[in-house]
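So the protein lines, in turn, are chains A, B and C. For the first sequence, position 246 (counting from the first letter as 1) is numbered 246 according to our numbering, and the numbering increases by one without interruption. Every number in our numbering is 1000 more than the matching position in the second sequence, counting from 1. Every number in our numbering is 2000 more than the matching position in the third sequence, counting from 1.
Worth double-checking, as some hints may not be accurate.
[Said to hold, decoys possible] Under the rule of at most 25 Å between Cα atoms (straight-line distance), these lysine to any residue pairs were calculated in the SDA-like manner: (1) C/Lys-2074 <-> B/Pro-1279; (2) C/Lys-2092 <-> A/Leu-37; (3) B/Lys-1010 <-> A/Arg-214; (4) A/Lys-210 <-> B/Val-1084; (5) C/Lys-2076 <-> B/Gln-1134; (6) C/Lys-2180 <-> B/Arg-1047; (7) A/Lys-109 <-> A/Lys-13; (8) A/Lys-163 <-> C/Tyr-2269; (9) C/Lys-2270 <-> A/Leu-149; (10) A/Lys-282 <-> A/Ile-224; (11) B/Lys-1133 <-> A/Ala-54; (12) C/Lys-2155 <-> C/Lys-2365; (13) C/Lys-2074 <-> B/Asp-1222; (14) B/Lys-1133 <-> C/Asp-2059; (15) C/Lys-2513 <-> C/Met-2463; (16) B/Lys-1102 <-> B/Phe-1092; (17) C/Lys-2504 <-> C/Asn-2486; (18) C/Lys-2074 <-> C/Lys-2365; (19) C/Lys-2354 <-> C/Gln-2141; (20) C/Lys-2354 <-> A/Leu-130; (21) B/Lys-1064 <-> A/Leu-130; (22) A/Lys-13 <-> B/Leu-1095; (23) C/Lys-2354 <-> A/Lys-298; (24) C/Lys-2247 <-> C/Arg-2447; (25) C/Lys-2155 <-> C/Lys-2076.
None of these hints come from the bench; they were simulated from the model.
Chain by chain, the residues run as shown.
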Amino acid sequence: MIASLRRAGRQYKKHRILLLLLVPALVWYGLFYYAPLYGIQLAFKDYRIIDGIAGSPWVGLEHFRRMFSGTNDFPEILRNTVIISLYHLLFGFPAPIALALLFQEIRFKRFRRIVQSVSYLPHFLSWVVLAGLITVFLSPSRGVVNYALQGIGLDPIYFLGEKAYFRFTLIASDVWKEVGWGTVVYLAAIAGIDPHLYEAARVDGAGRWKMIVRITLPGILPVIVILFILRVGHVLDGGFDQVLNLYNPAVYEVGDIIDTYVYRVGINQMQYGFTTAVGLFKNAVGFALLVTVNWIVKRLGQEGLF
Amino acid sequence: MRIRPTAEEKWFQAVAILIVGLLSLSILYPFVHLISVSFSTPTEAIRPGFHLYPREISLEAYRKTFDSRQIWIGFGNTAFRTAVGTALSLLFMALTAYPLSKRDLPHRTFYTMVFLFTMFFQGGLIPTYLLVKQLGLLDSRLVFLVAPPFLISTFSLLIMRNFFASIPAELEDAARIDGAGDLRTLFSIVLPLSKPILATVGLWSAVGHWNSWFDGMLYIQDSSKMLLQTYLRRLVVENRDQDVQALMDQMIGVQDVIPETVKAAALIVTVVPIVALYPFLQKYFVQGVMIGSLKG
Amino acid sequence: MKGFRRTQAVAALLALALPLAACSGNGKEEAASSAGSSAASSDKPIEISWLSFNPPENDSTPVQQALEKKFNVKFKNVRVERANYDEQMNIKFSSGEVADLIYLDFSPQRLETLVNQGILAELPEDEIRGKMPEYAGTIDQADPTLWDYSKVNGKGYGIPVIWPIGDLPFLPGYNGDWLKKIGYDAPPTTLDQFEDVLRKFRNDDPDGNGQKDTYGLSGQGTDARSFSVVFGAFGVRPDYMVDEKTKQVVYGLTTEQGREALKVINRWYKEDLIDPEFVTKTANDYHDDFVNGIVGVRDWMSYQFEPRVGIVGAPFYAKNPNNKIVVGKPLAGPNGPGKAYSYGSQNAFIAMGKQVEKDPAKKAKLYEILNALATDDSTYLTAVYGIEGEHYQMQDGVPIMKPEYANENAKYKIGAGTFYGVFGTKSKLMEKYDYTQDTLKFIDSLRDGVQTIDSLAVYVPAMTEYPDLGKLASESYLKFVRGELNLDADFDKFVQDWNDAGGKEILRQINEKYTFGS
């Protein structure tokens, strides 16, 4: 016991400069994140402004009960959230990796610079603004997308008004909006790969495809893994802004997610207790999944988050 | 050394250009549409169909958007927080990420968890607001620089840590043998080798600062400290929620309806300055930067 | 900033050690101290914190200065964004920053929440009548039940703000050229004629472009205002309303007339007479489609067809100078004459922060200002339109903004508009300044012989207990219209489900709490 303490002490002494560097951040996190944490108790309280957070009466698990049984649709809403989120993970997550690899293949430097700059533009438009434009572009009667469909002999599709297409539309429009922005971190990772590796591979007669598989992908794998683990933590986020601005009663059955439900219920009311409870539920699940996935990743021999 | 491309390479080239080109075109159109609408007359703006260029040109929307000193005050404040805030963020995050990147740092996992935990568990808006108030940061520009989610983004911090960790240890060891301490190693070896990730994280931070409006709205009442977004949002935001719309519809009386042209112009004004930043950062994303800076 | 670092560091260390112990500051003291500060002598200006919509750009606008001088007060402007009003307002309230004057949307539910949270000062009806007698008279004239909405447990907490033209009917506006083209000299008066018009608008190429690309009618999703012309023909609106015979509150969508209206809409939908994209349209999209000659009928708040200032009228006449909007009347249905949907006169509440209760001088001052804003010509004109000669000119007794101030941005710049002018276009006594003679004539023509079904802004606790009932209603509504549910086979089950999911309890509580149309 004493020996191990002494060992730790020696370790701390040896790394004192590095540890000192951590102090400002620890103070900042303590002040701005850990000090306000007492707000979480609202999840178990009936918040009354005059009594303050500490003085409000406890209501136990009332808010959680209300979340699960305040609506007959909660199972459906939970299912929608998870499915939409998994689709995002399945299609939205790899898309920027693929695009970054494509960018690397383009050898006309000026063209590459331009398309890179263009591709990240839509990230800057909010869903409120984009929803208006998307509704017009996807209109079955006058939208450009359906002109294209009719051009190749297909019937127009009401992408936003039919259950069968709604989730696809959500995922596709999100990929379209964020794919270019998402490439930035992978481009940074690719920039860090030693060019000599490519030269050596080339001398060995490797083609582009082989170089991607043997050099580029392994080179950026650590970043992919970290981003993947962090993404898994958001499994109960289905993309609130996007869904709220694009959904409608015709697609509630497939598109209503936890956050939109909470929004509808909370509008006009001071529902801090309820929203805190839902947030706690979502994040506890997310955090648990993150820890699990991190563990699996480490078992697979990759470096995890911690 | 110039090698003639093989057939496979040509084929790859063609596919890459085709996919990327199509994507870019689909992305460009909405922007062309917005720019076109912003330069249109109100009647032209609501014309159905494609808007590639304005058929009736009007600069009225921009005149209305810029028709106030407040927009310049907002520009100033937003530019300030974007520049200073990003610089501070990079400094704080680099100083924090560096020790975390060291595998032999005692209790490394614990410290990582301390940071990671806050991504999932937070006290909420009310305690944070009260804290900011108690610290005397209400109505102070300092709040933009130090209040979360700025200064340190845990997400960026973890990404940065990983990049630092991937720098070959031999390079740092060489510096240490020359007598450099931890800080010198960080600033003279690690950071110069990390330009791509610094550019990435800096871009995230700058865009976050530039687009942020909620803190400007919540913490600031003094009009000389207001942000550009606070000013422009009142022109752009149209709530699509039908109930809220109904209420707004009933409010319309002495307030005019904001035309589509002004909304588009305000959007363009918001987006253009920050988008213009990216081309300057692109040079840091070119392969070989790391090696190049090593030799230099 | 002196000493900031040290306090910060100490606080941080404490926070690190004992995160959960750091729960302080519930804001009680704050409210008390801000109340105490204004107990000053009569010549020192009283400081008033003012929370309202569309705040002025800075704190030294000409309008603010003029009002401060006039009333010997100092305004502290509380800025909250319109699109995010509730969220930002609630955070400020939660941290003890309760404004002296609080402007609220007309939501009895929110009013009750705020009262239960102890945020609002009591404003008894008699007190309001005493301090603002003329204005109170206009409320009685418009709708005396508005006083009831402002009460929680029998006590009043808000001054009702009325919108004198809010009770104008929703009427169908027709594209004049199209009507003529299909051979109608006058707008249709019955549901059958209306159907004929829709069929011809769809099939007879009324815009003459040779393509079948026009519709007669669209909507804005399952918003209660969609298809109001059809529901009106059956004497209902698809949300809470008073039943003509029983005087009880019912939910229009679940009534027998509601079913009949849905049947008509469903039949038209099947025949492709209704724009199927109404599902994803917003109200503004529909306005644009009408202006652009894509849809031939717009059923909307009839004032908005006004050719110079209406949301629909102004762009329509700008775009089609030789065409005109023919405003029709409610359609007679199979059961007799139709009625029209209407927002009703209720518009907002003006409330005061709890701390004002303990500060009679401030309360008196607030009443003085509010009364002047609602009834005094020069105060009204200053608050709503600015300084005469500088920002507006009087023309035929109506203020006309100078061109450089005639846009939405300029009003924020000078402090005019709804922020201080909380009664802007909302006071019957000041109406003469808000509309030109032409507009007033237009308004008068709309009410003529039309019976309206007004919104009921009711609130009962069951609505909080069953908060998502609207989802069931709007989902089923759409399924009935699109034929995914059958109006003969499935409607009774829908009504049953709606009742079981809380609707029955909500209606029971409403009818217990409110009495209408006695």
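Checklist entry - Is C/Lys-2092 within 25 Å of A/Leu-37, Cα to Cα? => result Between C/Lys-2092 and A/Leu-37 the Cα gap is close to 19 Å, so the pair holds against 25 Å.
Next on the checklist: Given the hinted pair C/Lys-2074 and C/Lys-2365, is their Cα-Cα distance within 25 Å?
Outcome noted: Holds, at about 11 Å.
Next on the checklist: Does C/Gln-2141 sit within 25 Å of C/Lys-2354, going by the straight-line distance between their CA atoms?
Outcome noted: 29 Å, violated
Checklist entry - C/Lys-2155 and C/Lys-2076: Cα distance at most 25 Å? => result 28 Å, violated
Checklist entry - Is it true that the CA of B/Lys-1102 sits at most 25 Å from the CA of B/Phe-1092? => result 17 Å, holds
Item to check | Given hint B/Leu-1095 paired with A/Lys-13 - CA-CA distance at most 25 Å | outcome: 19 Å, holds
Checklist entry - Given the hint that A/Lys-109 pairs with A/Lys-13, does the C-alpha gap stay at or below 25 Å? => result 50 Å, violated
Item to check | Pairwise hint evaluation, A/Ala-54 against B/Lys-1133, where the allowed Cα distance is 25 Å at most | outcome: Between B/Lys-1133 and A/Ala-54 the Cα gap is close to 18 Å, so the pair holds against 25 Å.
Checklist entry - Does the alpha-carbon distance linking B/Lys-1010 and A/Arg-214 stay inside the 25 Å limit? => result 20 Å, holds
Next on the checklist: Against the 25 Å threshold, does the CA-CA distance of C/Lys-2076 and B/Gln-1134 hold or violate the hint?
Outcome noted: Answer holds: C/Lys-2076 to B/Gln-1134 is near 20 Å, not above 25 Å.
Checklist entry - Does the structure keep A/Lys-282 and A/Ile-224 at a Cα separation of 25 Å or less? => result 24 Å, holds
Item to check | Agreement of C/Lys-2354 and A/Leu-130 with the hint, judged by alpha carbon distance not exceeding 25 Å | outcome: Judged against 25 Å, a Cα distance of about 42 Å means the pair is violated.
The structure shown violates the earlier hints numbered 1, 4, 7, 19, 20, 23, 25.
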